[in-house]
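Participant: Those sequence lines, one after another, are chains B and R.
Under my numbering, the first residue of the first sequence is numbered 1, with each subsequent residue one higher.
Under my numbering, the first residue of the second sequence is numbered 1, with each subsequent residue one higher.
Treat the hints as calculated values from the structure; they're not laboratory data.
Treat the hints with care, since some could be wrong.
[Claimed, not checked] Label pairs and their calculated CB-CB ranges:
hint: 1; chain 1: B; residue 1: Glu187; chain 2: R; residue 2: Val94; range: 25 to 35 angstroms
hint: 2; chain 1: B; residue 1: Met153; chain 2: R; residue 2: Phe35; range: 54 to 64 angstroms
hint: 3; chain 1: B; residue 1: Leu184; chain 2: R; residue 2: Trp62; range: 42 to 52 angstroms
hint: 4; chain 1: R; residue 1: Phe35; chain 2: B; residue 2: Arg127; range: 28 to 38 angstroms
hint: 5; chain 1: R; residue 1: Gly36; chain 2: B; residue 2: Glu241; range: 32 to 42 angstroms
[Stated by the list, open to error] DSSO-like cross-link-like pairs, simulated, lysine-lysine; straight-line CA separation at most 30 angstroms:
hint: 6; chain 1: R; residue 1: Lys80; chain 2: R; residue 2: Lys4
hint: 7; chain 1: R; residue 1: Lys218; chain 2: B; residue 2: Lys290
hint: 8; chain 1: B; residue 1: Lys28; chain 2: R; residue 2: Lys4
hint: 9; chain 1: B; residue 1: Lys193; chain 2: R; residue 2: Lys4
hint: 10; chain 1: R; residue 1: Lys69; chain 2: R; residue 2: Lys80
hint: 11; chain 1: R; residue 1: Lys4; chain 2: R; residue 2: Lys111
hint: 12; chain 1: B; residue 1: Lys193; chain 2: B; residue 2: Lys28
hint: 13; chain 1: R; residue 1: Lys7; chain 2: B; residue 2: Lys193
hint: 14; chain 1: R; residue 1: Lys111; chain 2: B; residue 2: Lys28
hint: 15; chain 1: R; residue 1: Lys111; chain 2: B; residue 2: Lys290
[Said to hold, decoys possible] Okay, the calculated bits of chain B under chain R, using three or more residues with CB under 8 angstroms as the criterion:
hint: 16; region: 186-193
hint: 17; region: 214-223
hint: 18; region: 231-239
hint: 19; region: 270-278
Small disclaimer: the values here were computed from a predicted structure and weren't measured.
A virtual CB, placed ideally from N, CA and C, is assigned to each residue, including glycine.
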Amino acid sequence: MRNDPQVVGAQPRSAVESQMARSKSPWKAIFAYSVLTLGAVTMLFPLYWMVLTSLEPGDVAFSSGTIHWWPSKFVWSNYPDAMEAVNIPRLYFNSILVALLGTLGQVITSSMAAFAFARLTFPGRDRLFFTYLATMMIPGSVTMIPNFVLLRMLGWIDTYQALIVPSMFSAYGTFLLRQFFMGLPSELEDAAKIDGSGYFGIFARITLPLSMPALATLTTFTFMGFWGSYMWPLIVIQRAELRTLPIGLASFVGRYSAEYSLWMAASVIALVPVLVVFVFNQRYFQEGIKMSGIKG
Amino acid sequence: MTNKSSKESLAALGFLLPNLVGFLVFTFVPVFVSFGMAFTNWDLFHAPRWVGLFNFEALLGWHYDPVLKQTMMNDPFFWKYVGNTLFMMMAIPVGIAGSLCLALLMNQRLKGMTIYRTIYFLPTVCSGVAVLILWKWLYNDNIGLINNLLRGLGDVTGLPLNGPDWLGDTLWAKPALMLMGLWSGIGGFNMILYLAALQGVPRELYEASAMDGASGWKTFWAVTWPSISPTTFFILIMSLIHGFQGGFMQANVMTQGGPAGSTTTIEYYLFNIAFTRFLMGYASAIAWVLFVVILILTLITWRLGGKVVHYA
């Protein structure tokens, strides 16, 4: 990390650069810190307000003209109330099931296809890969309607597979992993080939273990994608028992029009898993963004 | 074909098959089906009827209205929603500039930047229905935080600072959604991309610029800006592509596209045409128009960008 003072200190500095560093007045740092802190407060305050409202008694949160920065009374019961009003346990179960299975499916199918594109030779490979790339430009709304019609013909409306299966095959994931596999040294694979490993052995025992960072990145992004998916579940799910978290939350707001404390409590509950994933995978987020930027 | 290469092709087929089947069924074939559907009239419940170019004419064409004595668009709503979409896309350059400024501030060798980066990324992580509900609350006319703050500020300064009914006013609903978008996106993907780009600017260039005695402002335009132009270019194209397809979730969760259609975007219109009015053919035509516009715009940006962007 560049920002780590020890690492920076370990880098040899040229004369000009240290002169530059010295000529940098403390005002520049003060300016940067003030602007960034002001911005950080703007970023955090709405989120703080969400937690604050979620703990307020209903009538206090709604009284006009008064701003208080701390709950007048901690009403923890808003949380169980919100859970019950929206049936959050069920929404959680659906969202987690769909996100886990969908992510698993996408990572497996993408990594297998990526291996074929990166490491095997077969007729028509480059043309097929180009077709994959070309479809990444097509807006989702083009394929959305035929997919809905197909699922309706299959009788899949209002099923879990409608939420999982169509999103399990990703051209983007295949592309991302193919680029990563291309960059891996092939010596290990050659050695395994000499030892008599088959293609699947090479894929499972060498390529995949070497690609953990890329796989973690794809897993994180895919999981977040499934977790936040909104339009597709809205199209294929009508029954309340099969709703995912975003759909359930949105319908809650439609039904309880002024229960702000409950809205906010439900929103906080919905955000917890995302924040947990983010905290533990923060570096994969940033790496993933940089990887996706490379194709530009 | 030798035995070995046919064996390799067979293995490739095995590796590809799961993904390829899904790709063909859910992406490749639907593209052609959608194109065909755009030339039909279909409500899902009766057999589709071939109507030729009728949908495109109804969407893009115009006619002379003898009563009003003026030329009218066949679907004035569509053009209004195109306008809404373009209006909301005006936030894109503001957002890009903001992300770049943040990245420049964070790229200095100061302590604690990792914490700032995490904080600025939080709204992006949280983005989704929960955050939209939060902003619906913040924008509440009478008791929302923003109007309360404005009122408080008005009391202190004596200025008439009464906030509008943000989401209920045709004038303010779009800016309100744009402001929310800036909040959630400014420290997100684009800023991380810019930070990575800034860290990749060759140090020798800065040294040379310092030797020439260039000011910070001059150095930025002479060294930094050209060096990170490929990133700007990438961000711009991706933002345009997303911008044209944007606005569905906000409209669906916060405004129902209102008031008076002022926050209905192309995507929200398309969804309603398809899934509340069941005009599958017409919706497919909208999707294809959207696709073609995105394609043309990307190509133009690509062409123009090729002249401006500096690849090291």
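Participant: Take the C-alpha atoms of R/Lys111 and B/Lys28, compute the straight-line distance between them, and say whether it is at most 30 angstroms.
Facilitator: holds (13 angstroms)
Participant: At the C-beta level, are R/Gly36 and B/Glu241 separated by a distance inside 32 to 42 angstroms?
Facilitator: At roughly 35 angstroms between Cβ atoms, B/Glu241 and R/Gly36 fall inside 32 to 42 angstroms, so the hint holds.
Participant: For the pair we were handed, B/Lys193 and R/Lys4, check the Cα-Cα distance against 30 angstroms.
Facilitator: holds (13 angstroms)
Participant: How does the coverage statement for the region 214-223 of chain B fare against chain R, requiring three or more residues with Cβ below 8 angstroms from a Cβ of that chain?
Facilitator: That given contact is violated, which follows from only 0 residues of the region 214-223 of chain B lying within Cβ reach (below 8 angstroms) of chain R.
Participant: The hint says 28 to 38 angstroms between R/Phe35 and B/Arg127; measuring C-beta to C-beta, is that right?
Facilitator: violated (21 angstroms)
Participant: Assess, step by step, whether the Cα of R/Lys7 is no farther than 30 angstroms from the Cα of B/Lys193, and give holds or violated.
Facilitator: This hinted pair holds, its Cα atoms lying about 14 angstroms apart.
Participant: Run the distance test for R/Lys111 versus B/Lys290: straight-line Cα separation, threshold 30 angstroms.
Facilitator: holds (23 angstroms)
Participant: Apply the coverage criterion to the region 186-193 of chain B and chain R: a residue qualifies when its Cβ sits closer than 8 angstroms to a Cβ of the chain, and three qualifying residues are needed.
Facilitator: Coverage by chain R is violated for the region 186-193 of chain B (0 residues, Cβ < 8 angstroms).
Participant: Range hint 54 to 64 angstroms: satisfied by the CB atoms of B/Met153 and R/Phe35?
Facilitator: The hinted range 54 to 64 angstroms is violated for B/Met153 and R/Phe35, with Cβ atoms some 19 angstroms apart.
Participant: Check whether the Cα positions of R/Lys80 and R/Lys4 lie no farther apart than 30 angstroms.
Facilitator: At roughly 61 angstroms apart (the allowed maximum being 30 angstroms), R/Lys4 and R/Lys80 break the hint.
Participant: Take a quick look at whether B/Lys193 and B/Lys28 sit within 30 angstroms of each other, Cα to Cα.
Facilitator: Answer violated: B/Lys193 to B/Lys28 is near 58 angstroms, above 30 angstroms.
Participant: Would the hint linking R/Lys4 and R/Lys111 be met if the CA-CA limit is 30 angstroms?
Facilitator: violated (58 angstroms)
Consistency note: the structure conflicts with the earlier hints numbered 1, 2, 3, 4, 6, 8, 11, 12, 16 and 17.
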